[in-house]
Amino acid sequence: MMEKELDTELKSDAKIFGFWIYLMTDLIVFAALFASFIVLRKSTFGGLPASEIFELPLALSETIILLVSSFTCAMGMLAIHQRQKKAALLWFALTFVLGIAFLFLEINEFAKFIHEGNGPGRSAFLSSFFTLVGTHGTHITVGLLWMVVEMFRISYRTLSAQNVSRIFRMVIFWHFLDFVWIFIFTTVYGMTHLI
Amino acid sequence: MKKFIFGKLTLDALPHQWFTIGGTVFMFLMVLTAVIILTKYKRWSWLWHDWLTSTDPKKIGTMYVIFATFMFFRGMIDVALIWLQQALAADGEGFLEAGHFQEIFTSHGDIMVFFVTMGYFFGFMNWIIPLQIGARDLSYPFLNSLGFWLTVAGGLLINAFFIIGGHFANTGWLAIAPLSSLEFNPGVGVDYLIWSLQLSGLGSLLAGINFIATIIKKRAPGMTLMRMPLFVWTSLCGMVLIISAFPVLTAVTFMLWLDRFFEMHFFTVSHGGNQMMYFNLIWMWGHPEVYILVLPAFGMYSEIISTFSQKQISNYTSMVWASIIITGLSYLVWLHHFFTMGAGPEVNSFFGIVTMIIAIPSGVLVFNWIQTMLKGKIVFATPMCWSIGFIIIFLLGGMTGVFMASPPADFQVHNSLFLIAHFHAQIIGIALFGVFAGLTYWFPKIMGFTLDEKSGKVAFWLWFVGFYVAFTPLFILGFMGATRRLDTYRAETGWQPFFIIALFGFLIISAGIITQVYQIIVSIRDRKLNRDTTGDPWNGRTLEWATTSPPPAYNFAKIPTVEGIDAFWLIKNKQRLREYEDIELPKNTGMGVYISIFAFLAGFGIVWHIHWLIVLGIIGSVACLIRFSFDEHRDYILPAAKVALLEEAQ
Amino acid sequence: MKTMKLLSLFFALLGITAAILYIFFGEKVQVFQPKGIISKQILDLILFNLALMVAILLPTFIWLLFTVWKYRASHTQSEYKPEKTYGKFNQCILWLLPSCVVFIMALHTWKAAHQLDPYKRMSSPAEELVIQVVAIDWKWLFIYPQQDIACVNFVQFPEKTPIRFELTADGSPMNSFWIPSLSGQIYCMTGMVTPLHLNAEGVGTYTGKAAEINGEGYAKMNFVVISSTENEFDDWVNDVRESHTQLDHQAYAELLKPSIDHPQQFYSSVKKDLFNTIVMKANSPI
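Chains as they are written, first to last, in the numbering used here: chain A, 1 to 195; chain B, 1001 to 1650; chain C, 2001 to 2286.
Simulated from the structure, these hints should not be mistaken for laboratory data. Quick caveat, the model's predicted, so the values are computed rather than measured. Do not take every clue at face value.
What the hints assert, rightly or not - Label-pair restraints from in silico Cβ distances:
| id | chain 1 | residue 1 | chain 2 | residue 2 | range |
| --- | --- | --- | --- | --- | --- |
| 1 | B | 1332 | C | 2237 | 40 to 50 Å |
| 2 | B | 1040 | C | 2066 | 23 to 33 Å |
| 3 | B | 1492 | C | 2193 | 43 to 53 Å |
| 4 | C | 2020 | B | 1492 | 11 to 21 Å |
| 5 | A | 46 | C | 2272 | 18 to 28 Å |
| 6 | B | 1036 | C | 2027 | 14 to 24 Å |
| 7 | C | 2063 | B | 1040 | 49 to 59 Å |
| 8 | C | 2058 | B | 1051 | 47 to 57 Å |
From the three backbone atoms N, C-alpha and C, an ideal C-beta is built for every residue, glycine too.
All chains, full assembly: derive it from the sequences and hints.
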């Protein structure tokens, strides 16, 4: 009953429609960065090729972390639909922790590369790698901040249609970032090992 | 310590050249005048509460138009300097140094494209689209305000170099790499360009999202997509181009900035950087951008020609499809901007041929406009003059474009003044004439009184004649081997007489602009005489003419039901409604202003490498956004009784 | 009516002025006075395109002016049909007309683009002369690998000979190499080689220029082009050989320093493989 009310509200929510359009524009920014990466992937300026720098196990761990976090985030949204604030907060907190873990691994990877002399200023290939993956990481950071804001909202405000819409947008954003990561994993880490 | 506080900023950055001192003093005087007037007439509160914090698209539209007008005069100063320099510059007799001249045409391009043309069109769209679709407001009123203020922040940043920095970019309006890279351009000029574009680009993107959502979701009942006015259709096409192309601009200028700030190597000449990739990415945005500039104008012309021929537009469906096809094809032609980069005959031909194919729907548009006038009763009001003048220049400009679409022909005219003349014919003939047509057409609706027709017509003729005198020599100069962006040339080339004729044309155009200023002054003076009492001064056909001039904040007391194309024409003689209901409207908010101030500070900090300022700017804008998201009471209710009072008063 | 008459007068005046200017400056309209085989073929293409465009433009223009004149509100004799709509047949014609013109132009463009591909070697009984070009801030270096000489801001070659330019840049951003009298232009980029072929039809002196903005000295980055007879060319090469200035490592380093309005310079011998070294420099760390 209450679930159904919220669901129909979300379907016709104007802000969610606009947010999808925004996500498409963000996707195009990523597309341009992907295109640049693909063009520049061999421009190592005499340095090591991607296959000798990237470590697939690390990338795989990051992928699994994000995938699980998408699941926990969806569970959080489900709890919101069922008006179970406590459960929602727990699921979102879990998602947050997984997100932090992802960032930790990524920052470590960046630091390691820079330490080895493979920083973004070394070659066009590394510039495009750091930028593409770094832009995704920045989006993850924004997503985590947003998650904290929404957890605050759940704790101290009512779950009105307006607020549920805001939480929903944060959740879609998080799923979107997971979606982009799949492409990063395939193109940046996977493809460079093969082609 | 000093480096931490000030970044790259030194005393050297303060104005010490004639033009930076001049620009600073001029801007200071303008602000001082505004402050004095506002204080004298005690209008600070009015300014803040009625205008700056407004979420009403009619008010935001007016602010866009005023802002664009300021930027127009700013850009015209650049034009005057360019024409004067080139008329004098035979054998080095010009008065501007090469570097400075290069900065002038760079800022001219960026200001005219991003702030003038787009500013005016966002203004018109804000004014008119809600009215034409029978809505009260855009889908996202706060984002509307934020988008405007971000554009203003960008406009401030592009002029900030007068006060701090002393140098703008000297790379041409698109900051082509590697000229714009750190190696060839270590100063701050290019950074000012990048970040003013990023800020205003973000504003444009938000506006694009807003208008698409509005047009898709907020049309009045009965207004199907195929009953929308053509201005709404072509604006929708333009907005679709914005949301798909501007992200590419964001990405490529971001990469250029990374090259400059973090010494990365996307577009540098060594370390694997790829100059050709910059060309591809920037023009992948750049070509849709020029269609963003002209598509809304096409819609405007359709309505103006239809209204002043007193006849329905010739084949509405064809016009819609022609606009959609132009939108789609505009994504497939970007390489025609650099045929000379050596992509090979197959690739070059593909892009050349697709460019030529765009001429087909464009031709259909022109034929239908002429057919609309056929067997109509043409009234030569000022907006109609601009529209007919547009068709003539569009034919010429379009022809020269298709001509250049042939790659080998382009090899001889690329980057020559022929190219300059072509795109100015398009931008001036389509977009700028569109701005003037739109202003004269919709001014009575928004301001409540009509503009003086006589001076309007004089202004048109001065512009039309002036345009030809100014740009025809440039076509010839292109064939004489004159490349663009030259600050000096040898007298033996024989180019100087042509530059002088062009300068004369510019003087005629300036007379046209002065006449337009005179027109505004005279119209304001005579406003009580020219009051528009009916709301429909031109015997219009679309819904905006169904309201009073100016319309009330809520546009329509009751949202109309639409029965066909030219919605107003069909309901013109029906009875006025007497039943009123409560209307929900968005409250004003200052958040757009605050966020944009923080964005400006962040942009300034990025240009000068003042790290703490960057952090402050980012944290500030984010904090504002978060704070605003907790504001759950954004709307207010206008009770039915109040609506009744307002409606009966007319 | 009066406006129409004034408008026609204005365009007539414009046309007459253009004609007068052409009579006086005609020689200098380089694109229309081609002196090379390539520029001549490009001009043919330009004129073909122009003719096609005028063919569709002129009738449209006349139709517009006639309609505006005939159906003006004050001209009460003309029919007023406010409810007139146009059917599918009408629209088909309107779409078909420009499509036909574009179709012809497209076919012609495909052919011309292949024929006039700057990368394509020219067929000729004479032997090809290779000249390597390096765009440096803000001058042009011409290296003759077959003759082992070099010059700055000056290039000479024999008439009726296929010339192959191999272009690159060094220490300079995107450049464009253009001799309007002889052929179209092509971009020259650091780390890359772009070829351009042309063939001067007679003897003459021409101007070459930079057509892509590359910094402060851009406007003055011009060079002199001379096509001479075979004998004059051989004499010239011998003269240069007697200048006894070497384009060695040091001399090249000097050239790399940015300079505006650089005077012409001539080198009697060139460091071995200089051009290839320059191209490779940007592609891998030293």
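Which hints from the list above does the structure break, by number from lowest to highest?
2, 3, 6
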